[in-house]
Amino acid sequence: MSNKQLISRIGQFVLVLLGISFLTFALTMLSPGDPVKQMLTGGEDVFVTAAQVEELRHELGLDKPFILQYFDWLYRTMHGDLGFSFMARLPVVDKLWECLPATVLLSLTSLAFMLVVAIPAGIVAAVKQNTWVDYLIRSFTFLGVSIPGFWLGLMLLWILGLHLGWLPIVGGRVALDTIILPALTLGIAMASKYTRQVRTVVLEELHQDYVMGARARGMSEGYILWKEVLPNAMLPLITLLGLSLGSLLGGAAVVEMVFSWPGLGRLAVEAINYRDFNLIQGVILWIACMYMIINLLVDASYHYFDPRLRMGEK
Amino acid sequence: MEKILIGLKTNRTFFIYSVLAFLLVVIAIFAPVIVSHDPLEAMMKDAFQEPSSQHLFGTDKLGRDCFSRVIYGARYSISGVLLLVAVVFSVGTALGVVSGYFGGKIDAIIMRISDLMISFPGTILAIAVAGIMGGSLINAVIALTAVSWTKYARLARSLVLKIKKRDFVDAAIVNGGTPIHILWQHITPNILPTVIITAATDIGSMMLELAGLSFLGFGSQPPTPEWGLMLNEGRQQLQTAPWLMVFPGLAIFITVVIFNLWGDSLRDVLDPRQDG
Numbered sequence: 003m004s005n006k007q008l009i010s011r012i013g014q015f016v017l018v019l020l021g022i023s024f025l026t027f028a029l030t031m032l033s034p035g036d037p038v039k040q041m042l043t044g045g046e047d048v049f050v051t052a053a054q055v056e057e058l059r060h061e062l063g064l065d066k067p068f069i070l071q072y073f074d075w076l077y078r079t080m081h082g083d084l085g086f087s088f089m090a091r092l093p094v095v096d097k098l099w100e101c102l103p104a105t106v107l108l109s110l111t112s113l114a115f116m117l118v119v120a121i122p123a124g125i126v127a128a129v130k131q132n133t134w135v136d137y138l139i140r141s142f143t144f145l146g147v148s149i150p151g152f153w154l155g156l157m158l159l160w161i162l163g164l165h166l167g168w169l170p171i172v173g174g175r176v177a178l179d180t181i182i183l184p185a186l187t188l189g190i191a192m193a194s195k196y197t198r199q200v201r202t203v204v205l206e207e208l209h210q211d212y213v214m215g216a217r218a219r220g221m222s223e224g225y226i227l228w229k230e231v232l233p234n235a236m237l238p239l240i241t242l243l244g245l246s247l248g249s250l251l252g253g254a255a256v257v258e259m260v261f262s263w264p265g266l267g268r269l270a271v272e273a274i275n276y277r278d279f280n281l282i283q284g285v286i287l288w289i290a291c292m293y294m295i296i297n298l299l300v301d302a303s304y305h306y307f308d309p310r311l312r313m314g315e316k
Numbered sequence: 059m060e061k062i063l064i065g066l067k068t069n070r071t072f073f074i075y076s077v078l079a080f081l082l083v084v085i086a087i088f089a090p091v092i093v094s095h096d097p098l099e100a101m102m103k104d105a106f107q108e109p110s111s112q113h114l115f116g117t118d119k120l121g122r123d124c125f126s127r128v129i130y131g132a133r134y135s136i137s138g139v140l141l142l143v144a145v146v147f148s149v150g151t152a153l154g155v156v157s158g159y160f161g162g163k164i165d166a167i168i169m170r171i172s173d174l175m176i177s178f179p180g181t182i183l184a185i186a187v188a189g190i191m192g193g194s195l196i197n198a199v200i201a202l203t204a205v206s207w208t209k210y211a212r213l214a215r216s217l218v219l220k221i222k223k224r225d226f227v228d229a230a231i232v233n234g235g236t237p238i239h240i241l242w243q244h245i246t247p248n249i250l251p252t253v254i255i256t257a258a259t260d261i262g263s264m265m266l267e268l269a270g271l272s273f274l275g276f277g278s279q280p281p282t283p284e285w286g287l288m289l290n291e292g293r294q295q296l297q298t299a300p301w302l303m304v305f306p307g308l309a310i311f312i313t314v315v316i317f318n319l320w321g322d323s324l325r326d327v328l329d330p331r332q333d334g
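So the sequences go chain by chain: A and B. Residue numbering for the first sequence follows the numbering used here, beginning at 3 and increasing consecutively. Residue numbering for the second sequence follows the numbering used here, beginning at 59 and increasing consecutively.
Mixed in with the good hints there might be a few duds.
Calculated lysine-lysine pairs in the BS3-like style (CA-CA distance at most 30 Å, straight line) [what the hints assert, rightly or not]:
1. K103(B) <-> K163(B)
2. K223(B) <-> K61(B)
3. K61(B) <-> K220(B)
4. K119(B) <-> K163(B)
5. K6(A) <-> K209(B)
6. K223(B) <-> K195(A)
7. K222(B) <-> K209(B)
8. K163(B) <-> K6(A)
9. K220(B) <-> K209(B)
Residues of chain B clear of chain A, computed beta-carbon distances all greater than 10 Å [what the hints assert, rightly or not]:
10. I62
11. V91
12. S110
13. T203
Hints are computed from structural coordinates only; laboratory data are not their basis. Cβ coordinates follow ideal geometry from the N, Cα and C atoms, glycine included.
Okay, chain A solo, but in the shape it has when bound (with noise of 0.2 Å):
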């Protein structure tokens, strides 16, 4: 990436920043309940007086206008301070990093899921086009693609765990036994997806000029398809590996519920329920800037892939 490439994206990067945070913020005041209040009582049936919760509103600067509260919320942000977390009753900032740890191991298992299955049966696919094994490879991706994530893991759950009694059902901890279940449910999903897209980009290059160049100059399909085509096919799949993982990070919310996974969806959900706003907030401020790493990621990795990137640089 050249630097003026370089510095127009990290503006990019910084004002979506703005927007999402800015959005965020907006969004407690879509809420019904009094925040305030919920601070004071826990959720819980506890009486408290009117004086009580203005004086805390006010202590907390929330009497200010909208836009002031804004920034001094973008301050703090800035500072690295997400404020305190009455539901995990630690700074929001401490929190998120504890459960980090479990949405990447769970990401990163299901996309390795994901590759091992999907860039074999893609490929496949698309050089077999229109056979019996395209079909199948087609229909399971469907199939793949129809299925409601959080079903399929209640059925994993049900069948593997307690029918088979393979697997444990009770989750909650981060373990090799525990991930098995989530991974695979997310793995499916995301395969089937990648799969369907790996065949379209193999068949997209199988249909160019210079594989029937290649072709009529006699080479074999396979150093065709291994040393042509799918060098000339990495570079889509990146970026759609880049969109899974970034997918992966943010919206595994559904099967990290279904699993009790401690990850950051499942925090979404839970600050959620409990209208802890600052977690909320932070949650949704901290995938944004780990999808947006990644795809600023993906986009780098350009150069390396692709050689006229590298040499038009020059």
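For this one, chain A is given, so just place chain B on it according to the hints.
Only chain B this time, still in chain A's reference frame:
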């Protein structure tokens, strides 16, 4: 429309999937005739009965008939997803058309907002919006619209930009057509087919999103017999009453499969250029 009718006659797969999709809607409409029990009526003495000839899909913790609830669920789940797709489609297309036709500042603002939404994982934002506003079907629809409209806006915008350059639009302008007239009479009818195909193929995935929100408790609320919500209630009895989890999930799965197949075949009928 004509193309669809011709497709029904000539394309057998499209015909079969259309019949299946229609059947789902019929089940939803005629749910009261099909079911054997009141889906909301609690009979505590019948709680947690296994599937039998009396209760085809068993009963839940309140003794409600699961079969009746699943059938009734078709009403809530299918009407919910159709509402969602209609709203996303209308909002996104309208913004995209306006953005593409008028250009300038309006375009810049709409597209910058859409850039913002795209560079962000939508699911987590939808969860947050729906959750914070409080669980209800309408709030879930609003939340999912907020994160999904950009796809339609971008598509509609690019189509409008293409059509705007055509002669018949210039002719309409020269003839003194007002922007509203031109948008409504000349632009919109020309972009609709493509956008509708996209909407049709999206029904399945939208249904999964909506059911996911209900499953988390941020969609329809008890005692509504909505499939995602029923799964949420059923998962607590995974060990003692697995049928409460199996059947609503199967209903979602089958419905999504049918709508996905139908959407794909509709695309083949309306847009023969694309294949596979």
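Hints and how they fare:
1. Annotation: proposed proximity of K103(B) to K163(B) is violated, straight-line Cα distance about 65 Å (limit 30 Å).
2. For a cut-off of 30 Å, the pair hint linking K223(B) to K61(B) stands: about 26 Å separates their Cα positions.
3. A threshold of 30 Å between alpha carbons decides the hint, and for K61(B) with K220(B) the separation of about 23 Å falls inside it, so the pair holds.
4. A distance of roughly 57 Å separates the Cα atoms of K119(B) and K163(B); the hinted pair therefore is violated under the 30 Å criterion.
5. As the CA atoms of K6(A) and K209(B) are separated by approximately 29 Å, the hinted pair is consistent with the 30 Å bound.
6. For the proposed pair K223(B) and K195(A), the alpha carbon gap of about 36 Å is over 30 Å, so the pair is violated.
7. Straight-line distance between C-alpha atoms of K222(B) and K209(B) comes to about 20 Å, which keeps the hinted pair within the 30 Å bound.
8. With a C-alpha separation of about 25 Å, the suggested pairing of K163(B) with K6(A) holds against the 30 Å cut-off.
9. A C-alpha spacing of about 17 Å is found between K220(B) and K209(B), which places the hinted pair at or below 30 Å, so the restraint holds.
10. Annotated as non-interface, I62(B) keeps its C-beta farther than 10 Å from every C-beta of chain A; the closest such distance is 23 Å.
11. In this structure V91(B) is separated from chain A by more than 10 Å, as the shortest Cβ-Cβ distance comes to about 28 Å.
12. Against the 10 Å criterion, S110(B) stays outside the reach of chain A, whose nearest CB is about 20 Å from its own CB.
13. Even its closest Cβ contact with chain A, about 14 Å, leaves T203(B) beyond 10 Å, as expected for a residue assigned away from the interface.
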